[in-house]
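Read off the chains here:
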Amino acid sequence: MSHAEAELAARTAYGRLLAYLAAGWRDVASAEDALGDAFLAALETWPRAGVPDKPEAWLLAAARRRLVDGARHAKVEVTAAAGLQMVIERVQHEVSSDAIFPDERLRLLFVCAHPAIDEAARTPLMLQTVLGLDAARIASAFLVSPAAMGQRLVRVKAKIRDAGIRFEIPEPHELPERLEAYGSGWEDVAGADARRRGLAEEAIWLGRLVAGLVPGEPEARGLLALMLHCEARRAARRDANGGYVPLARQNVARWSRGTMDEAEEILAAAAREKKPGRFQLEAAIQSAHARRAVTGRTDWEAIALLYEGLLRCAPTVGARVGHAAALAEARGAAAGLAALDALVPATIRTYQPYWALRAHLLGSLGRAAEARHAYGLAIGMCEDPAARAFLVGQAASA
Amino acid sequence: MKYTVLIYESEADFSARTDAKRQDAYWGAYRAYTKALTEAGVMVGGAPLQPGHLATTIRQRDGKRHVQDGPYAEAKEQLGGYYVIEVPDLDKALEWAARCPAASSGAVEVRPNLPM
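Listed in order, the protein sequences are those of chains L and A. FYI, this note's numbering numbers position 290 of the first sequence as 290, with every residue one higher than the one before it. FYI, this note's numbering numbers position 107 of the second sequence as 1107, with every residue one higher than the one before it.
Errors might be hidden in some of the hints.
[Unchecked claim] Reference excerpt, derived from the structure (chain L facing chain A, CB under 7 Å, subset only):
(1) 380
(2) 383
(3) 385
[Unchecked claim] Derived list of chain L stretches under chain A, where covered just means 3 residues or more per stretch with a C-beta under 8 Å from a C-beta of chain A:
(4) 139 to 145
(5) 159 to 165
Quick caveat, the hints were computed from the structure, so don't treat them as lab data. We put the CB at the ideal spot given by N, CA and C, even for glycine.
When you get a sec, could you build the whole thing from the sequences and use the hints?
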């Protein structure tokens, strides 16, 4: 078993065990503690006594004992008592039927994406509970101090317990909203501002999990297709010297054909459901860019049209700037600049991609002084040294 | 809230300041960063500092003065300057700190200012 396979197996086991315990107990934090203790007990016991036939069942039993003991010792609250009863029943059920325990990860994911949960904590909570990532790594990816991230996660888990958030698959009419809450945490996988740096693999893993668990929901597939299209271009985003290469200049031979083909298949399957939505549109935009690998050109008019559709259902600042970029390519820099001028100043003041595009468009219109000013801001707000060096080069030739 | 962004630079960063090949990129990045802070309305103040070998450190112990050449602590990365910024919370302060050129070559420390 390779390291990656071992990690995947551990991740799958952890997420499934935690989701099952948390769904029965309705208390994510206690379930995590109990599972942590069970893993510790396994580390002590297994080397001596050998690995049990069904390691997951062993871990589950150990964690349950810990939960039950903990609840007996603590003041048992009404809700916890109900949870206790449920877990005991499940233990009995499982012992009598020897059934493999059900996969509750989707319930856990949707609890993490619940509207009552602080928006900023949703994706970190998914990463911690379903994937078992540690708080320090999550904090780095989200540019938050590890102590603050730890506190945020503790707070939302207390809320899940105390507010009695149901571990249920949302009703069909609630599903789009929850999926949106789930997906919006991952938009930046596209690499626009590299905020979720280093978590692309985890995002895709979760994306596959959700798409597999709700096969009837085309938006889940749309999100997965979007992530795969962006991931397919990962290698092409840097040249041999580590320099930044913008999408329009990327060598299509360095795009991963296998990943793009998979994305296309998933998006086509989603489209057959005839329920378009935000993530399918975003994936369709990436799909249109990917066509360059086949046709050798980019159909910017088609991309601008897709952005118009996207703006109708998800008018984010990122989508508006993307739309302006497509307009500039399709109908000229002036058209793109007009779209940028129409944006609300407060939304773009510190939004780096806006200033980078504005600088580029002003430069191509020969408005050199304004271009230099915009380049200055774009460079000053740039976090990625490779992208910063690229912009410095652009500014020098503007 | 006011935060101080302390910039710790490597030897290479300090030498880039005067290196004919690298100084344009170095100062260009800091000028752009300072401008972005200013135009965003978060800049309160700050200063670039000369390298650590020009520092002089003073300690008073038992009525005696000890003066030593160099920074108070020898380390691979040295304080190269600082910004004071005013932002709503630590998340915003970290967002700006991550954009500081030294974040990708040395280190950037963010501290909340003590309200006075």
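Evaluated hints:
Checking residue 380(L) against chain A by beta carbon gives a least distance of about 3 Å; that is within 7 Å, so the hint holds. Proximity of residue 383(L) to chain A holds as hinted, the smallest CB-CB distance being about 5 Å (cut-off 7 Å). Checking residue 385(L) against chain A: minimum C-beta separation of about 4 Å stays under 7 Å; hint holds. With a threshold of 8 Å between beta carbons, the proposed coverage of the segment 139 to 145 of chain L by chain A holds, since 3 of its residues qualify and at least three are required.
With 0 residues carrying a beta carbon less than 8 Å from a beta carbon of chain A, the segment 159 to 165 of chain L misses the three-residue requirement, and the given coverage is violated.
In summary, the structure is inconsistent with hint 5 from the numbered list given earlier, while agreeing with all the others.
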